[in-house]
Each structure stands twice: as structure tokens, then as C-alpha cells.
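Order-wise, the sequence lines are chains A and B.
Just so we're on the same page, the working numbering is the position in the first sequence counted from 1, plus 32.
Just so we're on the same page, the working numbering is the position in the second sequence counted from 1, plus 42.
No false leads were slipped in.
Selected chain B positions facing chain A (Cβ under 10 Å, derived; list incomplete):
id, residue
1, 79
2, 159
3, 162
4, 166
5, 167
6, 168
7, 173
8, 178
Because the hints were derived from the structure by calculation, they are not lab data.
A virtual CB, placed ideally from N, CA and C, is assigned to each residue, including glycine.
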Amino acid sequence: MACCDGFRYFVPLHLANDLLMTDTASSGSDDTIVRVRGLTTVLNGKTIFDSLDLDIPRGKITAIMGPSGTGKTTLLKHITGQMRGDRGEVRVDGENVPDLSREHLFRLRERVGYLFQNSALLTDFDVFENVAFPLRQHTKLPEVLIRNIVLTKLQAVGLRGAARLMPTELSGGMARRVALARAIVFDPALILYDEPFVGLDPIALNQVLKLIRTLNQTLGITSILVAHELAAVQHIADHVFLIANGKVVAQGDAATLATDGSPWTRQFFGGEADGPVPFQYPAGDYATALGFPGGSL
Amino acid sequence: MNARMDRGGVVTQSLAQIGACGLFLLTLLAAVPRSFRYFRETLRQIWFVGAMSLTIVMTCGLFVGMVLGLQLYDVLSIFGGTSATGTVVAIAIYRELGPVVTALLFAGRAGTSITAEIGLMRATDQLDAMEMMAVDPIAYVAAPRFLAGVVALPLLGVVFCAMGVFGGHLVGVTWLGIDNGTFWSNMTATVDVHKDIINGVLLKSIAFGIVVSLIAVYQGYTTPPTSEGVAYATTRTVVASSIAILALDFVLTSFLI
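Work out the full structure: start from the sequences and follow the hints.
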């Protein structure tokens with residue numbers, strides 16, 4: 033918890049929100065922050081989502097899991113409006129994202145944090161300026177306040193001392209934490225994490241896990257994370273969606289899903305090579321490919 | 043038949059690229075007013091693509107002027123007209139070599155760096171991250187670099203021309219002994235400010251600045267997010283810019299002459 037002390041005592045949250053003119057508490061009393069209905073997306077002839085329905089509860093940590101290539105990151109991109117489906121609704125805080133104009137979409141994104149898999153820090157700027165970037169772009173706060181907000185966020189992720197380092201001087205775990213500090217600089221209502229645990233050593237992984245949980249508990253931020261690490265997901269996720277073949281094939285809390293007897297959960301959580309998700313990518317006859325006469329072994 | 047279809051495909055693809063580039067220009071122009079918010083970024087880019095290109099532009103300008111002076115002195119001496127060396131050096135540089143060579147150097151030095159920088163930002167998700175932070179990357183990244191190119195290239199063209207004439211003077215007057223007064227008086231009597239300087243150096247340089255900057259920014263912005271994609275985009279910037287400069291030079295000259 034020590035890592036996040038800055039949140040509690042440096043700038044009172046309500047004051048920071050008033051100054052930043054953001055809507056951290058999230059409008060409305062609806063328990064669902066993201067509602068997906070009938071989402072159908074076809075990319076290069078491949079159906080990614082086939083009338084997908086999904087409800088992400090407000091104030092919880094929700095994990096999206098599934099085999100590689102099932103569209104987990106694509107789903108995050110639909111939620112943020114980076115991609116639009118062929119049919120269906122993606123409502124974030126009541127607003128249907130595909131219908132939003134660019135201006136409205138940008139306004140929505142000011143309330144949404146996004147942690148990229150590769151951190152996506154701006155390489156021209158040092159750590160401090162990376163975290164300050166959204167503040168400088170969207171507010172006219174005095175320099176001293178920007179400094180204090182940035183240092184608070186960096187303190188929360190344990191990197192206040194690294195404020196003047198350049199992104200090239202950071203390890204993978206540190207870069208991920210800087211990106212996290214940048215994602216929360218506006219105290220967003222919703223944070224999306226795209227594979228936040230990939231490539232982290234156990235220490236960094238635990239730090240990131242702790243941060244996600246603390247942000248959720250301290251600030252009430254809704255978190256959606258795409259991840260493959262079952263142990264980590266079991267540790268922090270309140271709810272898990274298992275996506276495959278363009279649909280939600282299982283959902284519930286991580287512990288229940290892990291012991292669930294359906295073929296999907298058995299294969300995915302049990303790590304079985306074959307099952308509903310084939311091990312082999314679709315291909316022609318193996319014997320023919322190897323040149324055996326008659327086409328069979 | 044297949045070869046013909048391949049050629050057809052290449053032509054269609056090239057036309058599609060030109061069309062997409064045109065649409066990108068419209069998007070870019072629409073973003074220019076918004077990019078005035080990032081005036082400091084535009085100034086930083088002018089420094090980067092303009093001031094940082096000065097060394098190569100000045101050096102090349104000097105040598106182009108020197109070699110031109112040498113060649114013209116050699117040819118004109120056959121007709122006993124070496125006193126016209128300054129005039130011909132100036133007109134050749136102002137009308138053609140100044141804007142064209144500066145634009146080619148600019149494409150090689152600044153155009154490639156713009157493409158590579160934006161391409162790497164694309165490959166490392168920095169442009170997507172800006173989008174996610176509700177910052178328009180066209181206004182913040184593309185437009186300042188485009189404007190910087192349009193502003194910097196005419197200024198570099200003027201510097202190139204000045205260095206070229208100085209190089210011609212260095213060879214003609216200092217080395218080969220043409221009379222200093224004759225060199226300058228013939229030049230000032232013949233060179234026309236409107237036809238040679240404004241139409242020759244400035245107008246052409248502005249047109250080349252628009253084309254080269256557009257190609258560099260477009261190639262970077264639309265590059266596939268891979269190391270190979272960035273490498274190809276950088277190469278395409280040089281090739282497409284060089285062809286566009288020379289073709290546009292012919293078109294402009296035919297209207298201006």
C-alpha cells in the first residue's frame with residue numbers, strides 16, 4: 033500500500049477533480065459502465081465478433097481472457113472507438129461509441145485511461161513530461177500544480193525518483209508503471225489494460241498487480257484487463273469473460289471458471305493442447321503436403 | 043497477358059497512392075488551424091528540418107557554384123565572353139539549380155528523418171497513445187512537420203543560392219581573374235528580381251516544400267508498423283520526392299518562363 037500513499041494525502045481527490053474539470057465519479061448510477069450488444073465485426077473476411085453481448089460492471093476489475101487471435105485487444109479498441117464494428121452497440125457510460133463524432137470521442141477518451149502492451153511512451157519526452165503530457169494538452173493548470181499532480185502519480189507508481197529519466201533508460205516494468213501513471217493522471221472513470229503483465233519479472237508483476245488493485249479500491253476506477261496469466265487474473269479480477277469464436281463462451285469469477293467443467297474452460301484454464309480451440313491452424317491434408325502418394329499415411 | 047496485368051496493377055496502385063496522398067493533404071490542411079496551438083512544436087521542427095540542414099545546403103551550394111563557375115569560364119572563354127560568367131552562374135542557380143538541388147537535398151536529409159520519426163512513432167504505438175489521450179496526432183505531429191518543411195525549404199533555397207553565387211565568384215574572380223566589377227555589374231544588370239528570384243527561387247521552393255513535406259509526412263503516417271515498413275517508407279520518400287521535384291520543376295518552368 034505504501035506505493036500509493038500519494039493518492040491519499042497529496043492532492044484531495046475532489047479538489048483535483050474540480051480543478052481538472054473531469055467527471056471522475058462517472059455520471060449515472062447504472063451499475064454497468066460498458067455495455068456491448070450484438071457486436072459483429074468482420075476483418076479481412078474473418079469474423080472476429082459474432083453478435084457479442086457483454087456487460088462490464090462499474091467499479092470492478094474485469095478480465096477479458098481467451099485464446100490468441102480471438103479479438104481481446106480488438107474489443108478494447110471498440111470500447112475506445114479506435115475501431116468500429118460492422119453492427120451492434122458499444123455503450124460506454126451510456127454513450128454509443130460508434131455513433132460519436134471525433135470531438136465527442138475525444139471528450140470520452142479524457143475519462144478513459146489506456147495502458148498499451150508496449151507502454152507507448154513518447155520517446156522525445158522524459159518520464160515527467162510523459163505523465164504531464166495529457167495535463168498540458170487539455171488544461172491550463174499552473175506549472176506548480178502540474179508538477180504536484182505528476183509527482184503524486186509518479187509517487188503512486190514508485191517512480192518519483194525516475195522523473196528525469198528518458199524512456200530509453202527504463203526497464204520494461206518501469207516503462208509499464210510510467211504508462212500507468214500517465215493513464216491515471218486525469219483520474220479516469222475507466223482504465224483499459226492491454227496485456228499488462230507480459231514480459232514482467234515476478235517483482236514487477238506483483239507491483240503492477242498491486243497498483244491495479246489499489247487504483248480500483250482507492251479511486252473506485254473500473255478496470256478492464258486483457259491478460260493470459262491465470263494466476264494473476266485470479267489474484268485481482270472480480271469477474272472474468274472468456275471469449276472464443278466471436279462470443280462469450282464462459283463468464284464468472286476466476287475461481288469458479290477455473291473449476292468449471294465446460295470444454296472451453298477446461299481447455300483454456302487447464303492448458304490442454306486440443307479441444308474446442310484446435311491446436312492446428314486450418315490446413316490441407318498433412319500426408320499430401322509431405323508428398324506421400326495417395327495422400328494418406 | 044500477365045505482365046500487362048501486373049503493369050495495370052502497378053498503375054492502379056500508384057494512382058490509388060496519389061489519391062490517398064491528396065486526401066491526406068486535405069486532412070492535413072484542415073488540421074493546420076488546430077496545429078497553431080502547438081506553435082512551439084512547429085518552431086522546434088523548423089529548427090530541426092531547417093537550421094539543422096544548413097550545413098549540407100551551404101556546403102553543396104558553395105561547390106555547385108564553384109563547379110558552375112569553372113565550367114562556364116571554360117566554355118565562355120572559347121567565345122571571349124568570360125565576363126558573362128557571373129550572369130550565367132546566377133541565372134542558372136536562381137532559376138533551376140538553387141530550388142531543385144535544395145529540394146533534393148532537403149528530401150534526403152529532412153524528408154527521410156520526418157518519415158522515419160513518424161513511422162517509428164506509428165510502430166511503437168505513440169500515435170495511438172496520443173489518440174487515446176484525446177490529442178489529435180495529425181494536428182500535433184503531422185501538421186507542424188508539414189508547416190516546418192514549407193517554411194524552411196524556401197529559406198534554405200535562398201541560402202543555397204547565396205552560397206552558389208559566392209562559389210561562382212570565388213572561382214571566377216578570385217581564382218580565374220575575372221574583373222570583380224564586371225562580375226557583379228553584369229549579374230545585377232541581367233538578373234530580374236521578379237522572374238529570377240521570386241518566381242525562380244521562392245515560388246518553386248514553396249511548391250517543392252509543400253510536395254516534399256507532404257510526401258515525407260504521408261509516408262511516415264501511413265507506414266506499416268514494422269521495421270521493414272519504416273525502411274520502405276523512408277526509401278519511398280526519397281524516390282517519390284525526387285521524381286515529384288523534377289516533374290513539378292518542368293511544369294512550373296513551362297508556366298513561369
